[in-house]
Amino acid sequence: MLSTFFNLSKLPALKTIHIDCSLYNVRNVHPFDGLSDLLSSAGRSTRLEKIVIAMTIDPSPDLGLDHEWWDAKDPGWALLDNALNHLTTLSGFRKLNVQVHFMKLYGGTSEAKVPPTRWGDQWEAEVGTLDRDRFPISFRNPGVYFACTFEVLEDGY
Amino acid sequence: MPRKSLVDVLFQEIIDEIIDYFEDDKESLISCTRTCLAFLPRAQSHIFRYVSITTHRLEDPDESEELITIPTRRIETLSDIVKKRPTLPRNFRILNLEISDDGAWLSQDIKFTSIMTLLDRSKERFPAISITGENLDMPYVLFPNQPEFRTSFWKPLVAPFVTKLVLENFEDIPIGIFLTCPLLRSLKVDFISIDTNNTFGASQEGGLPQLETFEFHHCSEAVDDIFGLVNSDKPHLNPGFLRSLELSPHGGNPLSCSPRLMAAAGRSLENLVIDDIECKESHSLACESPNLLPLQVALCCRPFSI
Chain X
1 MLSTFFNLSK LPALKTIHID CSLYNVRNVH PFDGLSDLLS SAGRSTRLEK
51 IVIAMTIDPS PDLGLDHEWW DAKDPGWALL DNALNHLTTL SGFRKLNVQV
101 HFMKLYGGTS EAKVPPTRWG DQWEAEVGTL DRDRFPISFR NPGVYFACTF
151 EVLEDGY
Chain P
1001 MPRKSLVDVL FQEIIDEIID YFEDDKESLI SCTRTCLAFL PRAQSHIFRY
1051 VSITTHRLED PDESEELITI PTRRIETLSD IVKKRPTLPR NFRILNLEIS
1101 DDGAWLSQDI KFTSIMTLLD RSKERFPAIS ITGENLDMPY VLFPNQPEFR
1151 TSFWKPLVAP FVTKLVLENF EDIPIGIFLT CPLLRSLKVD FISIDTNNTF
1201 GASQEGGLPQ LETFEFHHCS EAVDDIFGLV NSDKPHLNPG FLRSLELSPH
1251 GGNPLSCSPR LMAAAGRSLE NLVIDDIECK ESHSLACESP NLLPLQVALC
1301 CRPFSI
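In order, the protein sequence lines correspond to chains X and P.
Heads up, the first sequence is in my numbering, so the first residue is 1 and it goes up one at a time.
Heads up, the second sequence is in my numbering, so the first residue is 1001 and it goes up one at a time.
So here's chain X without its partners, still in its complex pose:
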């Protein structure tokens, strides 16, 4: 597991984690899986303040992807939710800023015309303002700020 290499309980000064997952491997791994494992290794003295997850996505049939896997129904969200819950119940927890950034490639091509679920919306929530029907994170602890943004890259990358 990623935590085998980066055991957060042994990185007591760690404040930010940034995870990228690009187009050519999205069919093989969901960033939430690795991140969830990583967060589960956090110890009581964690100082983690910020998590940034960037994913390139494209619902093109040619790439064999549909939009299900970044949708709220994807089990990756539940894994992340559990890992965040673990993290935010640790004694060292004060606040946590989680940012998920989806980037869609080939915005200028015909492939971009396939509208993914909730495409173009921005999910942004804190405890108490959460629309649970459309937001897959439960926020069982206060102090978590969560933002989910989408970006279309006009010319790919």
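For the record, the hints were derived by calculation from the structure and aren't laboratory data.
These figures come from a predicted structure and were not determined experimentally.
Keep in mind that a hint or two might mislead.
No more than 30 angstroms apart at the CA atoms, straight line, and that leaves these computed lysine-lysine pairs for DSS-like [what the hints assert, rightly or not]:
1. P/1188 x X/10
2. P/1111 x P/1155
3. P/1111 x X/10
4. X/50 x P/1155
Some chain P residues well away from chain X (every beta-carbon gap over 12 angstroms; in silico) [said to hold, decoys possible]:
5. 1010
6. 1104
7. 1130
8. 1171
9. 1188
10. 1195
11. 1210
12. 1243
13. 1244
14. 1248
15. 1267
16. 1270
17. 1271
18. 1273
Every residue gets a Cβ at the ideal spot worked out from N, C-alpha and C, and that includes glycine.
Chain X is fixed; fit chain P onto it per the hints.
Frame of chain X, contents of chain P only:
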């Protein structure tokens, strides 16, 4: 009486501030340089923040192959521009040098040397230096090893000033390349190997660099050598100052050095960037090797059946 142009009545500072709005729009900046002399200095300052001196490729009609030559023409063009505005190199923030052969031009091209002497030498503004090996026939290029590289280029023009360094696609980089840069704070390496016996004439007088930011890809063994993680008797950098680490756990077993690096630098690390998590079938098969066993689990991806 001819009417004055608006440009004639505006202070240069205001014009410069307007040009600054195009900071990230290179096309518009180039248009500015062609439009009005008053726009030229500020637009050039932005355009020349990133300067890349790359190899020049020519098609050989007889051999039907691609030829690579030293970047003489690019240096001459840049030199002509700098002659008209000698302060221009002070705006360089990233200087990318591409080497396809022995890299002799780095130390022997007088025009290039002249440009290098005009860089801003302050700690805050000396450009990030990126040196990339580029050879169509080989994955690696041998790092320049002629004595002039050290005495005429690296030692007087780069080592005392550089704070950010990028090295890509090189074989046998002397460990002394890093040890001779006392101000080095940020290092990125990709597809490299290290010659741990070549100290490049490094001395302790200027102090060893205290590396704070480190990024590596496809060179786990080199990381062991740079930080002395396997053999601490060899010259190496101290990993104890690292604050930020970026790596890409995919292909070629790049994670093998990570447990050692974490043990050496984990307590000071504040920022972790994991780029391009990958899990492909071939990697799972590779995990039949006991040394790679953790990798199989590390990429505990849900197998998307697509």
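Hint check:
Of the pairs offered as hints, the one joining residue 1188 of chain P and residue 10 of chain X holds, with about 24 angstroms between alpha carbons and a cut-off of 30 angstroms not exceeded. The straight-line distance between the Cα atoms of residue 1111 of chain P and residue 1155 of chain P is roughly 18 angstroms, inside the 30 angstroms bound, and the hint therefore holds. Between residue 1111 of chain P and residue 10 of chain X the alpha-carbon distance is near 51 angstroms, which puts this suggested pair outside the 30 angstroms criterion. With a C-alpha separation of about 40 angstroms, the suggested pair residue 50 of chain X and residue 1155 of chain P falls outside the 30 angstroms cut-off, and the hint is violated.
Look at residue 1010 of chain P: its CB is around 34 angstroms from the nearest CB on chain X, clear of 12 angstroms, so calling it non-interface holds up. Chain X leaves residue 1104 of chain P outside its interface by the beta-carbon criterion, the shortest separation being 35 angstroms against a cut-off of 12 angstroms. With a cut of 12 angstroms on Cβ distances, residue 1130 of chain P stays outside the contact zone with chain X, its closest approach being about 20 angstroms. Taking the minimum C-beta to C-beta distance to chain X, about 26 angstroms, the non-interface status of residue 1171 of chain P holds against the 12 angstroms cut.
At roughly 15 angstroms from the closest C-beta of chain X, the C-beta of residue 1188 of chain P stays outside 12 angstroms, upholding its exclusion from the interface. Every Cβ of chain X is farther than 12 angstroms from the Cβ of residue 1195 of chain P; the closest lies at roughly 27 angstroms, confirming the non-interface assignment. No beta-carbon of chain X is positioned within 12 angstroms of the beta-carbon of residue 1210 of chain P; the least distance is around 16 angstroms. With a least beta-carbon separation of about 8 angstroms from chain X, residue 1243 of chain P fails to lie farther than 12 angstroms from that chain, contradicting its non-interface assignment.
The non-interface label for residue 1244 of chain P is inconsistent with chain X: the shortest C-beta to C-beta separation is roughly 9 angstroms, within 12 angstroms. With a closest Cβ-Cβ approach of about 8 angstroms to chain X, residue 1248 of chain P is found to fall inside the 12 angstroms limit, against its non-interface label. Residue 1267 of chain P, annotated as away from the interface, has a beta carbon of chain X within 12 angstroms; the closest lies near 6 angstroms. Against the 12 angstroms criterion, residue 1270 of chain P falls within the reach of chain X, whose nearest CB is about 5 angstroms from its own CB.
Its closest Cβ contact with chain X, about 5 angstroms, brings residue 1271 of chain P to no more than 12 angstroms, contrary to its assignment away from the interface. Consistency note on residue 1273 of chain P: stated as away from chain X, yet its beta-carbon is not over 12 angstroms from all of that chain's, at 4 angstroms minimum.
Against the hints set out earlier in the document, violations occur for numbers 3, 4, 12, 13, 14, 15, 16, 17, 18.
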